[in-house]
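Novice: In case you want the letters, here they are:
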Amino acid sequence: MGLNLEVARIVKGYKDQAVLRECSFCFEPGRTYALLGPNGSGKSTFFRLAALLEPPDSGEVRYWDNGVELPHDLGLRRRITLLLPRIGVFNTSVFHNVAYGLKIRGRRGQEVEDRVNDVLGRVGLFHKRRQNGLDLSSGETKRLGIARALVIDPEVFFLDEPTANIDPQHTEIIERIILDMKIAGKSTIIVVTHDPAQARRLGEYLLVMDNGRIAPL
Amino acid sequence: MHSIIYGFIGAGKLILTINPELLAIILLSLQVSGSALVIATLLGLPLGAALAWRRVPLRGLVISLMNTGMGLPPVVAGLFLYLFLSRSGPLGFLGLLYTPTAMVLVQAILAGPIVASLSYAAIVRVDPVIRQAAITLGATPLQEVLTVIREARYGIMAGVMAGLGRVMAEVGAVIIVGGNIAGYTRVMTTTIALETDKGNFELAIALGLILLLISLAINVGLRFLQRLGRVRTGIMLWD
Chain A
-6 MGLNLEVARI VKGYKDQAVL RECSFCFEPG RTYALLGPNG SGKSTFFRLA
44 ALLEPPDSGE VRYWDNGVEL PHDLGLRRRI TLLLPRIGVF NTSVFHNVAY
94 GLKIRGRRGQ EVEDRVNDVL GRVGLFHKRR QNGLDLSSGE TKRLGIARAL
144 VIDPEVFFLD EPTANIDPQH TEIIERIILD MKIAGKSTII VVTHDPAQAR
194 RLGEYLLVMD NGRIAPL
Chain B
8 MHSIIYGFIG AGKLILTINP ELLAIILLSL QVSGSALVIA TLLGLPLGAA
58 LAWRRVPLRG LVISLMNTGM GLPPVVAGLF LYLFLSRSGP LGFLGLLYTP
108 TAMVLVQAIL AGPIVASLSY AAIVRVDPVI RQAAITLGAT PLQEVLTVIR
158 EARYGIMAGV MAGLGRVMAE VGAVIIVGGN IAGYTRVMTT TIALETDKGN
208 FELAIALGLI LLLISLAINV GLRFLQRLGR VRTGIMLWD
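Top to bottom, those sequences are chains A and B. Per the working numbering, the very first residue in the first sequence carries number -6; after that it's consecutive. Per the working numbering, the very first residue in the second sequence carries number 8; after that it's consecutive.
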């Protein structure tokens, strides 16, 4: 089935400035959502809270699996992931960057080799697997970030501006990867974008972040 | 001039024939400095990491003490350890004075702040986004720390090499707590000092040349690590 995500009346502010104001929404498993909104509207803050990187000042982020609410522990954190706007490439090969999520889960040997190679093939970086991740172009770096997430099969995948500051060719490749995930329907995908056309191409549901709240468009 | 020429010729003979006395002194030096470096790293790296990781109490003071420790005069370190280990000192009952263990301890005291300071500097320089990436990929808190340390690996190794450079060339502290006992606590630097006093330049020059070679190797190693950090080879230290 997958995970249901519900955010209920979450409030978050920094230095007396409210960013999210009683923001509520329910995300269904296996669906793809595109979240639009101007700079500073709270999209990235919402992602950080929904991906359990930070707690809200008030309100709740709830994950449900078959009607059972899950505690916010490592087990849950390992079922969701967030692609940050800056990827944070490790100073090692492309292969080891992608293998990271599997290795910290205790996976070893041929399984890691096979899964990493498969994902690298899907994002078109197989031929660069021995190269250092820090030497990739910005478009390739985004694809590396997506590969690192894909290899761990996240049930909820937050992508924060996955095509920001990259050329149209890489944008097309990344959109294709997201659309493949959408067709597979195994993950809930929530993409932040500034581009309404891209939001329509990627999302089944279009949402807008306005004045600290999420609303359907 | 005569003594210099004959000194170098004699030194060459000692090195080429692998003189047993020379070899024993070199091995003891490496053993003492190597052990000291292991202790300094085991204590210095976690301290540097802890200081870089979160706001521990008296963090500023600890960092200042660490930086002061980097410039600690070896004879002062030797003097204080001597006072602690001497018969009337608080640790006199251990009977460690004039043993290789005392020499290891004093060298660890000298290398520890260097390893800790340079590890701290290397870890604190790691981009915070690395830590966030590790969390988003499902790292436990320990895996998060290890990931950041791994990113700082070249800087940390440079700190360890700098620590080795300091202790290998050190003479004042080890002579105070080690006593320069032949075949027991006599290391390269103390032998050079003693043999020079005696006018026996052959052994002193031979050891001096070996010490220069070790120092050169350390510096080449440091440059190699700096280059590795720059060109990002993708070598994994733990995997």
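Think of the hints as simulated: they come from the structure by calculation, not from any bench. Any given hint might turn out to be false.
Calculated lysine to any residue pairs in the SDA-like style (CA-CA distance at most 25 Å, straight line) [to be verified]:
hint, chain 1, residue 1, chain 2, residue 2
1, A, K96, B, Q150
2, B, K205, B, A176
3, A, K179, A, D9
4, A, K96, B, K20
5, B, K20, B, R157
6, A, K96, B, G14
7, A, K96, B, A176
8, B, K205, B, G14
9, A, K96, B, P148
10, A, K8, A, P22
Computed from a predicted structure; not experimentally measured.
Novice: Would you check the hint for B/K205 and B/G14, treating anything up to 25 Å between C-alpha atoms as holding?
Specialist: 13 Å, holds
Novice: Would the hint linking A/K96 and B/Q150 be met if the CA-CA limit is 25 Å?
Specialist: 10 Å, holds
Novice: Holds or violated: B/K205 and B/A176, Cα atoms, limit 25 Å.
Specialist: Holds: B/K205 and B/A176 sit about 20 Å apart, inside 25 Å.
Novice: Does B/G14 lie within 25 Å of A/K96 when you go C-alpha to C-alpha?
Specialist: Status violated; Cα separation ~58 Å.
Novice: Run the distance test for A/K96 versus B/A176: straight-line Cα separation, threshold 25 Å.
Specialist: 42 Å, violated
Novice: For the pair supplied as a hint, A/K8 and A/P22, is the alpha-carbon distance within the 25 Å limit?
Specialist: 34 Å, violated
Novice: Between A/K96 and B/K20, does the CA-CA distance stay at or below 25 Å?
Specialist: Between A/K96 and B/K20 the Cα gap is close to 54 Å, so the pair fails against 25 Å, i.e. violated.
Novice: A/K179 and A/D9 were given as a pair; does the straight-line alpha-carbon distance stay at or below 25 Å?
Specialist: 39 Å, violated
Novice: Straight-line Cα separation of A/K96 and B/P148 no greater than 25 Å?
Specialist: OK: A/K96 and B/P148 at ~15 Å, within 25 Å.
Novice: So if I understand the rule, the pair passes when the alpha-carbon distance is 25 Å or less; does B/K20 with B/R157 pass?
Specialist: This hinted pair is violated, its Cα atoms lying about 45 Å apart.
Checked against the numbered hints given earlier, this structure breaks hints 3, 4, 5, 6, 7 and 10; the rest are met.
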